[in-house]
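Trainee: What follows is the residue order along each chain.
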Amino acid sequence: DTGVSQNPRHKITKRGQNVTFRCDPISEHNRLYWYRQTLGQGPEFLTYFQNEAQLEKSRLLSDRFSAERPKGSFSTLEIQRTEQGDSAMYLCASSLDGRWGLGGFGQGTRLTVV
Amino acid sequence: AQSVTQLGSHVSVSEGALVLLRCNYSSSVPPYLFWYVQYPNQGLQLLLKYTTGATLVKGINGFEAEFKKSETSFHLTKPSAHMSDAAEYFCAVTDTGTASKLTFGTGTRLQVTL
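Residue numbers (this note's numbering), protein chains in the order written: chain A, 140 to 253; chain B, 29 to 142.
Just to be clear, a hint being listed does not mean it is correct.
[Stated by the list, open to error] Derived SDA-like pairs: lysine to any residue, alpha-carbon spacing no greater than 25 Å straight-line:
1. B/K97 - B/Y67
2. A/K196 - B/S56
3. B/K77 - A/K150
4. A/K196 - A/S144
5. A/K196 - B/T134
6. B/K77 - A/D236
7. B/K77 - A/Q246
8. B/K77 - A/E183
9. B/K86 - A/L241
10. A/K150 - B/M111
11. A/K150 - B/A115
12. B/K96 - A/R238
13. B/K77 - A/R238
14. B/K96 - B/T83
15. A/K196 - A/Q156
16. B/K77 - A/Q156
17. B/K77 - A/T141
18. A/K196 - B/Q30
19. B/K96 - A/Q246
20. A/K150 - B/Y67
21. B/K86 - A/G240
FYI, nobody ran anything at the bench for these hints, they're computed from the structure.
The whole structure should be built from the sequences, with the hints applied where relevant.
Mentor: Below, the structure written as structure tokens:
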């Protein structure tokens, strides 16, 4: 069990550019979650997948954000036309059937939009 | 909808002193409660969880928490602080719906001084 893996760890991009992050969950975990964490705040829920199906999206997830989990394994989070307000840590987590005692968080991707 | 309030964004204790981090929750259904720790530029690590059963739960690194339904609280304690405990601590609650997504508090930064 190698834990949740996220790439890249850091991303600096110019405003208006598109970025994509990848998350590899703990193997055999059917649920995958994306969270956003800004400085001094707790993580905020963005969206989650059960296998390949995206079942819930937060109001925080504007039309510029899209997430996929095409084969029910890894997931990608894309942000189009980035804005400075998108600067944050993006955390991925996975669990088995929503049981967080068996879940885990990745180390996150820190996005800086300049 | 669930919510979590963490009283005190910063707590400072001397090494060897008692650690007490406060968490109050709001939930319309019996909650599942969690404490996570986050070190700088790292993801979240589960310290302990309460689901059902014994209301005093023990976690890793000598931490424990007690679920008090009458006070809607789930405070985190450790009898004797160590320098390595310096980190950000987050209390979280899940919904009991299908998503089982975590809702986090704003966090408490623990400083440990000599």
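Trainee: For each hint, tell me whether it holds in the structure or not.
Mentor: Taking the hints in turn, this is what the structure says about them:
| no. | hint | in the structure |
| --- | --- | --- |
| 1 | B/K97 - B/Y67 | violated, 30 Å |
| 2 | A/K196 - B/S56 | holds, 22 Å |
| 3 | B/K77 - A/K150 | violated, 33 Å |
| 4 | A/K196 - A/S144 | holds, 22 Å |
| 5 | A/K196 - B/T134 | holds, 21 Å |
| 6 | B/K77 - A/D236 | holds, 16 Å |
| 7 | B/K77 - A/Q246 | holds, 20 Å |
| 8 | B/K77 - A/E183 | holds, 19 Å |
| 9 | B/K86 - A/L241 | holds, 16 Å |
| 10 | A/K150 - B/M111 | violated, 31 Å |
| 11 | A/K150 - B/A115 | holds, 24 Å |
| 12 | B/K96 - A/R238 | holds, 22 Å |
| 13 | B/K77 - A/R238 | holds, 11 Å |
| 14 | B/K96 - B/T83 | holds, 7 Å |
| 15 | A/K196 - A/Q156 | holds, 23 Å |
| 16 | B/K77 - A/Q156 | violated, 40 Å |
| 17 | B/K77 - A/T141 | holds, 22 Å |
| 18 | A/K196 - B/Q30 | holds, 17 Å |
| 19 | B/K96 - A/Q246 | violated, 32 Å |
| 20 | A/K150 - B/Y67 | holds, 20 Å |
| 21 | B/K86 - A/G240 | holds, 13 Å |
Hint check: violations occur at hints 1, 3, 10, 16 and 19; the rest are consistent with the structure.
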